[in-house]
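Chemist: Sequence:
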Amino acid sequence: MRNKQLNKAGGFAHQPHLRKSHLKKLGIQTKVISSCSTRQKRLFLLHPLFKITDRAAANIGEILMPMHLSNWVRKIAILACLLLLVSCQGKNQLPNNEAQVKVARVVSGQSLEVVGMAEQPNLISQVRLVGIDAPDLRQRPWGDAAKEQLENLIGGAEQSVTLEFDLETKDKIGRTLAYVWKNKVLLNEELVKQGNAMFVERSPNHKYDQRLERAQQWARLMGQGIWNPEKPMHLTPAEFRRQNL
Numbered sequence: 001m002r003n004k005q006l007n008k009a010g011g012f013a014h015q016p017h018l019r020k021s022h023l024k025k026l027g028i029q030t031k032v033i034s035s036c037s038t039r040q041k042r043l044f045l046l047h048p049l050f051k052i053t054d055r056a057a058a059n060i061g062e063i064l065m066p067m068h069l070s071n072w073v074r075k076i077a078i079l080a081c082l083l084l085l086v087s088c089q090g091k092n093q094l095p096n097n098e099a100q101v102k103v104a105r106v107v108s109g110q111s112l113e114v115v116g117m118a119e120q121p122n123l124i125s126q127v128r129l130v131g132i133d134a135p136d137l138r139q140r141p142w143g144d145a146a147k148e149q150l151e152n153l154i155g156g157a158e159q160s161v162t163l164e165f166d167l168e169t170k171d172k173i174g175r176t177l178a179y180v181w182k183n184k185v186l187l188n189e190e191l192v193k194q195g196n197a198m199f200v201e202r203s204p205n206h207k208y209d210q211r212l213e214r215a216q217q218w219a220r221l222m223g224q225g226i227w228n229p230e231k232p233m234h235l236t237p238a239e240f241r242r243q244n245l
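Read in order, the letters of the sequence shown correspond to residues 1 to 245 in UniProt numbering.
Note that these hints are calculated values from the structure, not bench results. Be a bit skeptical, because a hint or two may be false.
[As the list claims (entries may be wrong)] Distance ranges between label pairs, derived from CB positions:
{"hint": "1", "residue 1": "L79", "residue 2": "E213", "range": "47 to 53 Å"}
{"hint": "2", "residue 1": "R241", "residue 2": "K170", "range": "17 to 23 Å"}
{"hint": "3", "residue 1": "E113", "residue 2": "K75", "range": "49 to 55 Å"}
{"hint": "4", "residue 1": "W218", "residue 2": "L137", "range": "34 to 40 Å"}
{"hint": "5", "residue 1": "S160", "residue 2": "L235", "range": "34 to 40 Å"}
{"hint": "6", "residue 1": "N122", "residue 2": "L245", "range": "32 to 38 Å"}
{"hint": "7", "residue 1": "L167", "residue 2": "E230", "range": "38 to 44 Å"}
{"hint": "8", "residue 1": "E213", "residue 2": "E158", "range": "32 to 38 Å"}
{"hint": "9", "residue 1": "K172", "residue 2": "A80", "range": "51 to 57 Å"}
{"hint": "10", "residue 1": "K231", "residue 2": "E201", "range": "22 to 28 Å"}
[What the hints assert, rightly or not] Think about it this way: if two alpha-carbon atoms lie no more than 20 Å apart in a straight line, the pair counts; the simulated DMTMM-like pairs of lysine to aspartate or glutamate are:
{"hint": "11", "residue 1": "K102", "residue 2": "E151"}
{"hint": "12", "residue 1": "K147", "residue 2": "E113"}
{"hint": "13", "residue 1": "K231", "residue 2": "E164"}
{"hint": "14", "residue 1": "K170", "residue 2": "E98"}
{"hint": "15", "residue 1": "K147", "residue 2": "D133"}
{"hint": "16", "residue 1": "K182", "residue 2": "D136"}
{"hint": "17", "residue 1": "K207", "residue 2": "E164"}
{"hint": "18", "residue 1": "K182", "residue 2": "E158"}
{"hint": "19", "residue 1": "K172", "residue 2": "D133"}
{"hint": "20", "residue 1": "K147", "residue 2": "E190"}
{"hint": "21", "residue 1": "K170", "residue 2": "E113"}
{"hint": "22", "residue 1": "K102", "residue 2": "E113"}
{"hint": "23", "residue 1": "K172", "residue 2": "D136"}
{"hint": "24", "residue 1": "K147", "residue 2": "D136"}
{"hint": "25", "residue 1": "K182", "residue 2": "D209"}
{"hint": "26", "residue 1": "K207", "residue 2": "E98"}
Ideal Cβ positions, reconstructed from N, Cα and C, are used throughout, including at glycine.
Given only the sequences and the hints, what does the whole structure look like? Please build it.
Modeler: Here is the structure:
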């Protein structure tokens with residue numbers, strides 16, 4: 001009974017002129033199920049882009065999948081593509097408290113000039129690394145060492161970094177206060193850990209205080225940078241600036 005229905009419908013077995021070359025012109029790959037008998041071999045239509053139209057199937061002479069199932073396959077494929085697009089867009093979007101910028105110049109061990117801030121995307125903005133206090137450039141050799149380490153961490157000019165903001169985003173002179181990230185490394189923390197900056201608690205920005213404090217304890221224990229017992233820095237950066245206005 002099944003074979004008679006296929007014969008009336010113009011099944012594939014009764015259309016010898018439909019060779020694989022005809023199917024290839026339609027962009028369709030074929031796969032024959034060897035477990036079936038020769039008379040009842042079923043042809044599965046596989047297309048990577050799910051663009052087998054009803055007309056193409058009709059031209060072959062046999063719709064191998066029931067129409068309602070075929071429609072469901074199309075809907076599932078479209079839904080999967082949409083979900084993929086949404087997930088990709090979500091990965092590219094930054095949280096509201098972050099911004100990706102390009103570094104124009106490293107000013108000192110605690111400050112940068114960047115391009116790409118939302119309020120002035122084409123102009124240079126000043127960024128102050130929050131939670132740390134690096135030696136003044138006049139405090140040699142510690143000031144130069146801090147600047148050099150920050151340049152090395154960033155990798156030079158025109159490099160992209162991510163700025164993460166805390167509760168207070170501007171200091172008294174209008175600089176942007178931020179935690180600076182490069183390749184998932186918190187640069188504020190690295191400067192403190194290598195003894196090229198001090199941890200300084202400043203309200204209300206306390207997000208990474210514990211990390212910065214632990215980094216400073218490590219630097220002191222290891223005698224890194226400004227904590228080197230053979231060549232210690234005698235004045236904190238804040239004290240030095242007060243005495244050398």
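Chemist: Does each hint hold? Answer for all of them.
Modeler: For each hint, the structure was consulted:
Range check, L79 to E213: Cβ separation about 49 Å, and the 47 to 53 Å hint holds. Evaluation of the 17 to 23 Å hint for R241 and K170 yields a pass: the beta carbon distance comes to about 20 Å. The supplied range of 49 to 55 Å is met by E113 and K75, whose beta-carbon atoms lie about 52 Å from each other. Judged by the Cβ atoms, the range 34 to 40 Å given for W218 and L137 is violated: they are separated by roughly 25 Å.
A hinted range of 34 to 40 Å for the beta carbons of S160 and L235 is consistent with their spacing of about 35 Å. Restraint check, N122 to L245: a C-beta distance of roughly 34 Å satisfies the suggested window 32 to 38 Å. Between L167 and E230 the CB atoms are about 40 Å apart, so this pair conforms to the stated range of 38 to 44 Å. Evaluation of the 32 to 38 Å hint for E213 and E158 yields a pass: the beta carbon distance comes to about 33 Å.
Taking 51 to 57 Å as the suggested C-beta distance range, the pair K172 and A80 conforms, at roughly 52 Å. For K231 and E201, the Cβ-Cβ distance of about 26 Å falls inside the hinted range of 22 to 28 Å, so the restraint holds. Taking the CA atoms of K102 and E151, the gap is about 13 Å. The hint holds against a cut of 20 Å. For the given pair, K147 sits about 13 Å from E113 by alpha-carbon distance, which is consistent with the 20 Å threshold.
Annotation: proposed proximity of K231 to E164 is violated, straight-line Cα distance about 34 Å (limit 20 Å). For the given pair, K170 sits about 14 Å from E98 by alpha-carbon distance, which is consistent with the 20 Å threshold. The straight-line distance between the Cα atoms of K147 and D133 is roughly 12 Å, inside the 20 Å bound, and the hint therefore holds. For the hint linking K182 to D136, the alpha-carbon distance of about 23 Å lies beyond 20 Å, and the restraint is violated.
Distance check on the hinted pair: K207 and E164 sit about 10 Å apart at the alpha-carbon level, within 20 Å; holds. The straight-line distance between the Cα atoms of K182 and E158 is roughly 13 Å, inside the 20 Å bound, and the hint therefore holds. Only pairs whose Cα atoms come within 20 Å are accepted, and K172 paired with D133 is accepted, the gap being roughly 15 Å. Of the pairs offered as hints, the one joining K147 and E190 holds, with about 12 Å between alpha carbons and a cut-off of 20 Å not exceeded.
For a cut-off of 20 Å, the pair hint linking K170 to E113 stands: about 14 Å separates their Cα positions. For a cut-off of 20 Å, the pair hint linking K102 to E113 stands: about 9 Å separates their Cα positions. This hinted pair checks out: K172 and D136 have alpha carbons roughly 18 Å apart, not beyond 20 Å. Note on K147 and D136: the hinted pairing holds, with a Cα-Cα distance of about 10 Å set against a maximum of 20 Å.
Note on K182 and D209: the hinted pairing holds, with a Cα-Cα distance of about 19 Å set against a maximum of 20 Å. The straight-line distance between the Cα atoms of K207 and E98 is roughly 14 Å, inside the 20 Å bound, and the hint therefore holds.
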